[in-house]
Amino acid sequence: MYFHSVTLDEEKCRGCTNCIKRCPTEAIRVRKGRARIIDERCIDCGECIRVCPQHAKKAITDPFDAIYTFRYRVAIPAPSFYGQFKPSVSRNRLLNALKRLGFDEVFEVARAAEIVSAATRKLLARPDVKKPLISSACPAVVRLIQVRFPSLIDNLLKLQSPMELAAEIAKSRKAAAGNLSPGEVGVFFITPCAAKVTSIKAPYEKQQSYVDGAISMREIYPRVLETLEKGCEDEDLEQAGYEGIRWADSGGEGLAIGTDRFLAVDGIHNVIAILEEIENERLEDVDFVEALACTGGCLGGPLTVENKYVARTRLKKHIEEAKQKGIPPDRQEKTEEELVWSGNIEYRPVMKLDEDLREAIKKLEALEQINRELPGLDCGACGAPSCRALAEDIVRGMANETDCIFKLRERVRNLAMQMAELEAKMPPVLDRNSNGSSKENVEVEGDEG
Amino acid sequence: MNFDSIKLQYEIPANNFTAAGEIVSSMKKVLSHLVINPAVIKRVAIAAYEGEMNAVIHAGGGSVEVTIDPDKITVKIADQGAGIPDLELAMQEGYSTAPEDIKQLGFGAGMGLPNMKENADVLDIDTRVGQGTTVVITVYIR
Ligand SMILES: Nc1ncnc2c1ncn2[C@@H]1O[C@H](COP(=O)(O)OP(=O)(O)O)[C@@H](O)[C@H]1O
Ligand code: SF4
Ligand SMILES: [Mg+2]
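Going down the list, the sequences are from chains A and B.
Here the first sequence stands for residues 9 to 457, where the numbers follow this note's numbering.
Here the second sequence stands for residues 18 to 159, where the numbers follow this note's numbering.
Calculated from the structure, these hints are not laboratory results.
Predicted model only: the values in this text are computed from it and were never measured.
No residue lacks a Cβ here, since even glycine has one placed at the ideal position from N, Cα and C.
It is possible that some hints are incorrect.
In silico lysine to any residue, SDA-like type, Cα no more than 25 Å apart, as pairs [what the hints assert, rightly or not]:
1) Lys46(B) / Arg49(A)
2) Lys46(B) / Pro383(A)
3) Lys24(B) / Pro383(A)
4) Lys342(A) / Glu113(A)
5) Lys134(B) / Pro383(A)
6) Lys360(A) / Thr410(A)
7) Lys134(B) / Leu160(A)
8) Lys59(B) / Gln154(A)
9) Lys46(B) / Glu113(A)
10) Lys59(B) / Ala107(B)
11) Lys24(B) / Gly384(A)
12) Lys166(A) / Asn26(A)
What follows is a list of derived Cβ distance ranges for each label pair [unchecked claim]:
13) Lys130(A) / Lys134(B): 31 to 41 Å
14) Thr303(A) / Glu135(B): 51 to 61 Å
15) Met427(A) / Val139(B): 42 to 52 Å
16) Lys24(B) / Gly405(A): 21 to 31 Å
17) Met427(A) / Gln148(B): 47 to 57 Å
18) Lys324(A) / Lys134(B): 47 to 57 Å
Covered stretches of chain B (in silico footprint by chain A; criterion: 3 or more residues with CB under 8 Å from a CB of chain A, positions within the stretch not fixed) [as the list claims (entries may be wrong)]:
19) 22-31
20) 49-56
21) 62-70
Start from the sequences and build out the full structure, keeping to the hints where you can.
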């Protein structure tokens, strides 16, 4: 039904409650000692991958060898890639090392990011644009809006992401050069996260992605290190300027917009707080919102290798070097019309109790009723993230009231009390100790006699 | 019990500037279980927020009762504050009696009541000086 990159490793999962509590869309339940992801609700933000102490949540990516199914192979590294390596390695050497792994070409997503930034600036200047414009660069945030903030769908920046644009440019260039059919060119994204993988395999804004596969930054990292050690001959592969590189960090996309009226928020729970503000129209002084699911932006992506704070420092070095180099002059710009999504996204009411409003109201009333009876401790022992979520599951027929350990105890106590009561009601002839009379009386009688 | 409608109740504490936002978020969470046009929910949320904020700022807190019927959502905000002496004046854009320190916090732009009027299908205000104010916001679902 839904493709998700984020999946569960059944072997490793021990059924603890860490992930259910952190999931921003209440998409996880623990059942029979294992976490279960509710497909419909998952937005692939990767929060559970990060918090799982057993490392039982994983991201499905393409194996490296998938590149060999194509005759001509292009690597498109996310800007966060540059932050993963020792500061002594220049960006150009990194790009060369990446290419040597088996690619015919490397095209920086950071370069495409600059084109997207230029188009965003133009779009923002148009009077008919709905403000604040919310970046669509992070697919997890787009999906969050789709399931939890439907009234903000109109605020989304409906331009192709830098990743899609990079792939499109790489492909169309090759096609224009002739001698290769489009099917023979394979473009692979070096990804910091699961969300991007899902956006490639199941894009929301169109039928098919330009990207042919996604390789985890974690998987490619040791290979790049190995190649770097061997040393490699350098050709000039740097095309992006500092503005594009800076997209890897929280605030990078916003800074490229060139306005003070932007807000950058990172970390999925912080993003939710800001989206609430926008939905309630309490953010009038902001024109552009950059919202990234990961704390630290893509540098904090679940598939990155380096600590995000260390990576940030390293990225700064690349930014400075790019500034010094100066942005190359042959900018291939695209108009905002050329970048606009071919499709649109629709509200997915994943929390609905029933299609029919009357029916849904009935179920909601039942939900509230059950919720009032639960202890309100949100302990998670029932496998649901909160008492309210358990009440919801009960109404949906997916759980029972006795899944709550407190309710279970209450029931056991009631049963025990009933048993005690019944026991007290035993016929006296069967109970030798009852009211302590018969035996004593006999003895007393005997003493007297 | 009437299963065709549902009531939710919340308390609005005095001097708590985040309470209105929190109440609105939990209202929205409840409403997300029903398939209602997001634009309708948004209007309810904005109007309710302003009304709750007024109870916080001008009336020392109050209470909210949300009723969801198959055809409409009603939000009743009641307080026992000072009441509004001149309602017509209060309804004007930019009119505010909020004290300076509150204005400094970014509230008291005098747009609350006009905003409620704009977002509600029906706005009913019953206010008595010295006794309190009851605001009923109605938004139709269809
Ligand atoms: N619940 C209330 N109790 C007393 N006075 C109120 C109440 N709600 C509104 N008012 C009065 O109406 C004025 C205008 O309200 P509103 O349009 O919300 O602007 P603001 O809250 O920014 O002052 C307030 O300044 C206040 O004098
Ligand atoms: S912030 Fe970046 S790394 Fe994290 S989910 Fe979004 S796109 Fe992926
Ligand atoms: Mg007000």
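Checked hints:
{"no.": "1", "hint": "Lys46(B) / Arg49(A)", "result": "15 Å, holds"}
{"no.": "2", "hint": "Lys46(B) / Pro383(A)", "result": "20 Å, holds"}
{"no.": "3", "hint": "Lys24(B) / Pro383(A)", "result": "20 Å, holds"}
{"no.": "4", "hint": "Lys342(A) / Glu113(A)", "result": "22 Å, holds"}
{"no.": "5", "hint": "Lys134(B) / Pro383(A)", "result": "39 Å, violated"}
{"no.": "6", "hint": "Lys360(A) / Thr410(A)", "result": "24 Å, holds"}
{"no.": "7", "hint": "Lys134(B) / Leu160(A)", "result": "22 Å, holds"}
{"no.": "8", "hint": "Lys59(B) / Gln154(A)", "result": "15 Å, holds"}
{"no.": "9", "hint": "Lys46(B) / Glu113(A)", "result": "48 Å, violated"}
{"no.": "10", "hint": "Lys59(B) / Ala107(B)", "result": "24 Å, holds"}
{"no.": "11", "hint": "Lys24(B) / Gly384(A)", "result": "19 Å, holds"}
{"no.": "12", "hint": "Lys166(A) / Asn26(A)", "result": "34 Å, violated"}
{"no.": "13", "hint": "Lys130(A) / Lys134(B): 31 to 41 Å", "result": "37 Å, holds"}
{"no.": "14", "hint": "Thr303(A) / Glu135(B): 51 to 61 Å", "result": "37 Å, violated"}
{"no.": "15", "hint": "Met427(A) / Val139(B): 42 to 52 Å", "result": "57 Å, violated"}
{"no.": "16", "hint": "Lys24(B) / Gly405(A): 21 to 31 Å", "result": "24 Å, holds"}
{"no.": "17", "hint": "Met427(A) / Gln148(B): 47 to 57 Å", "result": "56 Å, holds"}
{"no.": "18", "hint": "Lys324(A) / Lys134(B): 47 to 57 Å", "result": "51 Å, holds"}
{"no.": "19", "hint": "22-31", "result": "holds (count 3)"}
{"no.": "20", "hint": "49-56", "result": "holds (count 7)"}
{"no.": "21", "hint": "62-70", "result": "holds (count 3)"}
Checked against the numbered hints above, the structure violates hints 5, 9, 12, 14, 15; every other hint is satisfied.
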